Amino acid sequence: MERGTISAVTTVRHPPAGFPDEPRIIGLITLDGGSSVIGRIAGISPRIGDRVVPRMSMERVNEQKLRAYDVVYEVAAPAALQEDPFVFEGYILALTGPSGVGKSTVSKVLSSALSGIVTRVPILTTREPKDGDDGEYLYVTREEFIRLEDAGALAASTRIPSVSEDRRYGYRTEDICKIWNEGRVPLVVTEMHLLQGLARSFGRRSILSCGLLPPGTSRRAMLSQLLHRLRTRGRDSEQSIADRVRNASSDLDFFSHRKELFDHLLVNDDIDAVIATLKGHVLRTQEDTR
Amino acid sequence: MRLSRIGYTTQEAMNADVFLVGSGQTRFGEWWDKSLPALIEEAVSAAITDAGITALDIDAIVIGNMIGQQISGQGQLGAMTSALLPHRPPALRVEAACASGSVAVHTACALLESKRAETVLVVGAEKMTDAENTAIASALMGAGDSERDAPAGLTFPGIFGLIASRYMHDYGLTREELSLVSSRHHEHAKANPYAQFRSSVSPESVSSSAPVADPLRLLDCSPISDGAAAIILSRTRKSPLRLAASQLATDALSLAERPTITSFAATRDAFCRACEEAEIDRKEIAHLELHDCFSIAALINLEDMQFADPGQGIGIYRDGLQEMSVNLSGGLKGCGHPVGATGVKQIRDLAKQLKASKQRFGAAHNFGGAGATCCVHILEHACEP
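The listed protein sequences correspond, in order, to chains A and B. Our numbering puts the first residue of the first sequence at 1, with every later residue one more than the last. Our numbering puts the first residue of the second sequence at 291, with every later residue one more than the last.
No lab work stands behind these hints, which were simulated from the structure alone. There's no promise every hint is true.
Short, incomplete list of chain A residues facing chain B, as computed with Cβ under 8 Å [as the list claims (entries may be wrong)]:
# : residue
1 : V9
2 : T11
3 : F19
4 : G39
5 : I44
6 : I48
7 : K65
8 : R67
9 : S111
According to the in silico footprint, chain A covers these stretches of chain B (three or more CB under 8 Å from chain A) [as the list claims (entries may be wrong)]:
#  : segment
10 : 329-335
11 : 649-660
From a predicted model like this one, the values you see are computed outputs, not experimental measurements. Even glycine gets a Cβ: it sits at the ideal position worked out from N, Cα and C.
Sequences are here, hints too, so could you generate the full structure?
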């Protein structure tokens, strides 16, 4: 039984025949593995973004006195955010794209080009440090990561599907809030689960969300471009590259399935042009929010 | 030959002119004194009279119905309806939850285009009010996923409660804004003599009605109704009204199987393909009848049909600036929603609206479940016959 996060919740005032005649809280829960499930939520006024833990519960007794047990989800940690989710604390600049599209490079160049405005948020990871890393990661053990996740300290987390290892990435709420308190804009690089997690925790409207697409006019061209980049940067093993390309394919679908999660889509064919465009978006948003 | 993304080749989809030659319906409402067969008979004879034909001109019958078997104990609705006519034409019943009516129309188009029939009677009918609420709720839950949705104790209002909670979270829609939707539909229903509710409902009373499935309240939900509607389609009898497109699309039954719950892929697919089939731009549509089973669905539908950006559907209800009319009949909320009848009745309403306004195109959007089946029809009115 997997833990998860509430992605939608309702209180059914008139449950169907056979269920206890009292308001029943039911949620759509995104499990940590990425799939979704509908289940009863045990807890008082649960909210979207709350972490939940599964347990068995006797849900009803039928006329023949047979007891029916089902999985229910207990709120483990309320979503770490202010009372009203629509109070605008500040905004997050998010760069989303498949592995190898150049997110880290764009994020590095952009943070120095806008050094007076944006700060990169450290990425919490359970993977081993590598040569190409340049201080963007905070390394923790898998146990520590799960502890932080269950304590509700992570604004977003994801497990990258991989045949070779169990890699987890996440962002701590406190890191993002600290950057806001300094009056600056947190800059994050995300993939589909991290972006959705941030949208759950802080509200979609708190994110200036930019998608980065590889160059190429077809899906096949985009994927071969990514493969080429992953090979030439020399950071990953062939095994890991195979995993990444497989995941990149679903990342590309995400751009079309969840268009509403993006404010801008950019093709990363010319880094200078991409930086200039992103800079323009940030400066305009700075003016709008002032 | 150009292939559409899924399903039929678009060029072949409407390969005969299908004319709407007549229509009829019962008033939608609580008809404690009328059984399912009585409702069907009333709508059928009204349609035949309206078309100016005799019953013997009908070659085939398609009837859309969802819960006749569970609630009225009546299956075999095809044969039952056929027995109302003296010559017992071939007849069949189709089911696609709340989209049963429009899927019946779609099926009739197939019979006409394949030259199986020249003139088809399409009926949509449902009898819902003289059963217990729990029986109705459980029958309607047949539109959901019996393995993924129902075991947790979810109801249909609950499914749309989940959708509304997510939509409000993502787009910041407020309870007060959402109340404008039902209020507007009720306002429109006042002018429709066939509507179940013909009185004004203020946005405040929507907001303060009893909670059903938070954040949805009683007046966000379309009612339980009895009613039947019938239309007569023909490829040999000409009429100024022609079906320019009939498109059917489907999606996963359960919300747990979808990439997003604030947009319905079946609506996007069916509507987009219908516009292609009719060779029109969405801006040419003068009247739209959309499936507002719950207030939140109306907003999502407008966005999925790209009349508004994601999250901005409420603008059409708040500002009321659009040239196109939306649910001028009163929609499901104002007219009532005898589930199988709605999709047929929408086309009848469009015909009335196009004749009155002398406009050219109208679209009917009807879905089943939480958008797992969606059928879109585009009706074209030749103003100078």
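Status of the hints after comparison with the structure:
1. Using the Cβ-Cβ criterion of 8 Å, the hint placing V9 of chain A at the interface with chain B is satisfied: the shortest such distance is roughly 5 Å.
2. The criterion of a C-beta within 8 Å of any C-beta in chain B is met by T11 of chain A, whose closest approach is roughly 4 Å, and the hint holds.
3. Satisfaction of the interface hint for F19 of chain A is found here, the shortest Cβ-Cβ separation to chain B being roughly 4 Å, below the 8 Å cut-off.
4. For G39 of chain A, the suggested interface contact is upheld, since its CB lies about 5 Å from the closest CB of chain B, less than 8 Å.
5. The restraint placing I44 of chain A at the interface with chain B is violated, with a minimum CB-CB distance near 13 Å, outside the 8 Å limit.
6. A distance limit of 8 Å between C-beta atoms decides the matter here; for I48 of chain A the minimum to chain B is near 5 Å, and the interface restraint holds.
7. The closest approach between the C-beta of K65 of chain A and any C-beta of chain B is roughly 19 Å, which is over the 8 Å cut-off, so the hint fails.
8. Because the closest C-beta pair between R67 of chain A and chain B is about 15 Å apart, greater than 8 Å, the hint is violated.
9. About 28 Å separates the beta-carbon of S111 of chain A from the nearest beta-carbon of chain B, more than 8 Å, and the hint is not met.
10. A count of 0 residues in the segment 329-335 of chain B with a Cβ less than 8 Å from any Cβ of chain A is obtained; the coverage claim is therefore unmet, three being the minimum.
11. Counting residues of the segment 649-660 of chain B whose beta-carbon sits less than 8 Å from any beta-carbon of chain A gives 0, not enough to reach three: the coverage restraint is violated.
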